[in-house]
Amino acid sequence: MLSMNWLRLLALLLWTSPHVFLGILAVVSWKRRLYREFPVFFAYILCEIAGFVLLVALYSNPGAGKQYAYAYSAMLLLSIVLRFGVIDEVSKDLFRESQFLKLAARRSLQGVTGLLLMIGVLLAVYAPGGSGARLTAGIFVVDRGAAMVQCGLLLALLLFSRFFGLSWRRPAFGIALGLGILTSVDLAFSALRAEFSSGVWTEFLNFLVIGAYLICVLIWIGYLLAPEVGPASVTVIPRDEVEIWNREFRQFLKH
Amino acid sequence: MEQGVSTISQALISQTMISQSLISQSLIAAWTLVAVAFFALAILVYAAIRSRSRRVDLEKAVETFRSLDIEAFRNLVDSAEEAFLRDNLTPRKFREIKRQRAWAALIYAWEAGLAATALAKVGQSAQRSSDPEIAATGLQVAESAFRLRLQTIGACFHLLTEVVLPGVRSRSLPPLVDQYERTAETLFRLGRFSSGMHRLVRSKGA
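First to last, the protein sequences are chains A and B. Residue numbering for the first sequence follows this note's numbering, starting at 1 and increasing by one per position. Residue numbering for the second sequence follows this note's numbering, starting at 1 and increasing by one per position.
If you're looking for bench data, these hints aren't it; they were derived computationally from the structure. Check before you lean on any hint, since a few could be wrong.
[Claimed, not checked] Computed beta-carbon distance windows for the label pairs:
hint, chain 1, residue 1, chain 2, residue 2, range
1, B, Leu89, A, Met118, 45 to 53 Å
2, A, Leu77, B, Phe38, 19 to 27 Å
3, B, Phe157, A, Pro39, 35 to 43 Å
4, B, Trp110, A, Val81, 35 to 43 Å
5, A, Lys102, B, Arg92, 44 to 52 Å
Every residue, glycine too, gets a C-beta built ideally from N, C-alpha and C.
Next up, chain A with everything else stripped away, as it sits in the complex (with noise of 0.2 Å):
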C-alpha cells in the first residue's frame, strides 16, 4: 500500500517536473529573446504547458475519462504537427549561412522525407498493432509513424552537419539533440506500446518516457543558456586551391 502510494507520488513528480522546467525554458526563451529565432519551438513549449495543465484538469475529474482521451490524442497530434515545424526550423539555421546548400540540402531533405514517410506508411499498414482501445491504438501508431520520421530528419541533419563540416550554432544543436532523444525515445515506446498494452508494462513505458522528456527539457535548458562560442581568430594566407580542385572535378564529371 505504502509502495503504490510512493509510485503514485514518483509518478506525479516526473509527470509535474518536466513541465515546471518547460516554464522556466520559456522564461530563459523570452528573455533571451529566442522566441525570435525559434519561434516554432517556443510555440511547442508554451503549447506542451497548456496541453499540461488541461490533462491534469482533465485527470484529477473522475467522471471524465473519455474527454481525457480525447484531450491527450489532440495534444499528441498538435505536438507532432509542432515538433515537424521545430525540424524545418533547426534545418533552416544549420543551413542559413549558404545559399548553395540551402537548395542542395531542401532537395536532399525532401527525399530523406518521402523515404520515411513511405517506411512508416508501410509500417502502419503491415504493423498495425491492434491491441488496446482503437483511437488509442490509432493514436500510437500515428505516434509511432512520426516519431520515425522525425528521429530520422534529425540524424540525417546530424549526417549532413558532419559531412559538410557545417558548424550549429549552440542553441540550434540544443533544441535538435533534445528533440532528437526525445523522438528516439518515443519511437521504441511507440512500438513497444502497440504491442504490449497491459497495465505493468504501460506503467513501466510511462516512466521511461516521462525521464526521457525530463532529460531532454534539462538538454534544452543547458543549451539554450549556455554562452554561444565566439569566432576562432583567422589570419590570411595568399592561395586558392580549393578552386582548382573544383575546377579539376568538374572537368573530370563533365568529361
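Using the hints provided, position chain B relative to the given structure of chain A.
Relative to chain A, chain B alone:
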C-alpha cells in the same frame, strides 16, 4: 458431417496460423523499431559528446589539403592517357591497370572531400570574423568547399564504377552531379560563385 467438422477445424487452424504470423510480424517490427531507436539514441549521444570535445586542427587541415597532388590526380583521370593504355595493352592488362588507377584516383577524391569538409569549417569560422574582408572571403571559401564536397561524392561514385567495371568506356554523369551542375551554373550566372576568391583563410582554433 465429419467432413464438415474437419473442414471447419482446418479453417480455424489456418486462421490461427495467419493471426499468429501477423502477431509475430508485428512483434518483429516493434523490436526492430526499438533497436533502430536505440541506435539513433547512441548516434545522438555520440554527436553530443563529440561536439563538446572535438578540437579540429584547422591549420593541419589546410596543410592536408595542400599536400594533395592535383597533377597526380589529373594524370590518373586523363582520358588521353587512358586511350594510350587501351591501345597499347592487352584487354586483361588494361582492365587491371585501369582498376588500379581508378582506385588511386578514388582515394584522392575521398581525401579531397575530407579536406573540403575541414576547409568548410575554416570558411565558416572566418565568416564570423569582425573583419568584413575576411568574413566575405570566408563565405566564398565555405561555399566553394561545400561545392567541392558534393563534387567529390559524384567523383567517388564515378570512380567506384570504374573500379568495378574497368572495361566500360562510356561514363555517364550521375543524376546528383547533373543536378548540382545546373544549380551551380545558375548561381554562377547570378555572380555568386564568380572567381573572386583570392585568399584562403586559415584559422588557429575551432
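Now the hints, each set against the structure:
In this structure the hint that B/Leu89 and A/Met118 lie 45 to 53 Å apart at CB holds, the actual value being about 47 Å. At roughly 26 Å, the beta carbons of A/Leu77 and B/Phe38 sit within the given window of 19 to 27 Å. For the pair B/Phe157 and A/Pro39, the supplied restraint of 35 to 43 Å holds, since their beta-carbon distance comes to about 40 Å. Between B/Trp110 and A/Val81 the C-beta distance comes to about 41 Å, which sits within the given range of 35 to 43 Å.
Range check, A/Lys102 to B/Arg92: about 49 Å between beta-carbon atoms, so the 44 to 52 Å window is met.
The structure fails none of the hints (numbered hints given earlier).
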